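*Asks:* To convert, take the position in the sequence shown, counting from 1, and add 3; that gives the working numbering.
Calculated from the structure, these hints are not laboratory results. Please read all numbers here as calculations on a predicted model, not as lab measurements. Any given hint could be a false lead.
[Unchecked claim] Label-pair restraints from in silico Cβ distances:
no.: 1; residue 1: K128; residue 2: S154; range: 27 to 37 Å
no.: 2; residue 1: V125; residue 2: K31; range: 13 to 23 Å
no.: 3; residue 1: Q100; residue 2: K140; range: 30 to 40 Å
no.: 4; residue 1: P29; residue 2: V125; range: 11 to 21 Å
no.: 5; residue 1: G43; residue 2: T145; range: 28 to 38 Å
no.: 6; residue 1: N104; residue 2: G43; range: 29 to 39 Å
no.: 7; residue 1: S154; residue 2: T39; range: 29 to 39 Å
no.: 8; residue 1: N157; residue 2: K53; range: 17 to 27 Å
no.: 9; residue 1: G43; residue 2: G143; range: 22 to 32 Å
no.: 10; residue 1: K156; residue 2: G43; range: 20 to 30 Å
no.: 11; residue 1: M99; residue 2: T24; range: 11 to 21 Å
C-beta: ideal position from N, C-alpha, C; glycine also.
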Amino acid sequence: MFAYLYVFSRIGMSGLVKPYTVVFPPIKSGSVFTFTTDTGIFYEVRFGRKQNDILSATIVFGVTNDEFEGEEYSETNKGEMYKVMSTIVLIVQSYMQEHPNIHTYEFTGEPKKQEDGKKPTVRIKLYTRYIRQVFDKQWGVTTEGNRIIISRKNKA
């Protein structure tokens, strides 16, 4: 039992949960990844380059099923959160491997209706728990309201 708790504390929940099968971009250096959950929820994970700094990327992910009426930040409440986050960790790691010169990543946690977008949202708090599984201590993490910015400490 101790060994299990130690491993869990070191790698977190996504390290214990097998990710979904990822559909990688047709071009190895591509920026759009997809996966489908066991309940048929289709996710898209996109990496966009900032116009004023092409070595900065924005990470956007969400559901694209018609049942959510185009609202990609919908809550699905299908009990698949850990497996979804494990898959997103895998995707971000894969993207980083193909784009080693990126020095800044950024993403937002869209607020729920009752949340104030100026404070860290429930989604941001969830995402924060997974950051160190992707970004080691060479990366600094800053939270600004519902936005997280991860920057390489020593830019290449």
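*Asks:* Has the hinted range 11 to 21 Å been met by the Cβ atoms of M99 and T24?
*Replies:* Given about 20 Å between the Cβ atoms, the range holds.
*Asks:* Using the beta carbons of S154 and T39, state whether their distance is inside 29 to 39 Å or not.
*Replies:* Holds, at about 32 Å.
*Asks:* So does K128 sit 27 to 37 Å from S154, Cβ to Cβ?
*Replies:* violated, 20 Å
*Asks:* Could one say that the CB atoms of G43 and G143 fall in the range 22 to 32 Å?
*Replies:* violated, 38 Å
*Asks:* Can you tell me whether the CB distance of G43 to T145 sits inside 28 to 38 Å?
*Replies:* holds, 36 Å
*Asks:* Hint says 30 to 40 Å; check whether the CB-CB distance for Q100 and K140 agrees.
*Replies:* violated, 18 Å
*Asks:* Within 11 to 21 Å: is that where the Cβ-Cβ distance between P29 and V125 falls?
*Replies:* violated, 35 Å
*Asks:* Do the beta carbons of N104 and G43 sit within 29 to 39 Å of each other?
*Replies:* Because 37 Å falls inside the window, the suggested range holds.
*Asks:* Take the C-beta atom of V125 and the C-beta atom of K31, compute their distance, and say whether it sits inside 13 to 23 Å.
*Replies:* violated, 35 Å
*Asks:* Range hint 20 to 30 Å: satisfied by the CB atoms of K156 and G43?
*Replies:* Given a distance of about 41 Å, which is not inside 20 to 30 Å, the answer is violated.
*Asks:* Confirm or reject the claim that N157 and K53 have a C-beta distance inside 17 to 27 Å.
*Replies:* holds, 20 Å
Going through the hint list in order, the structure does not satisfy hints 1, 2, 3, 4, 9 and 10.
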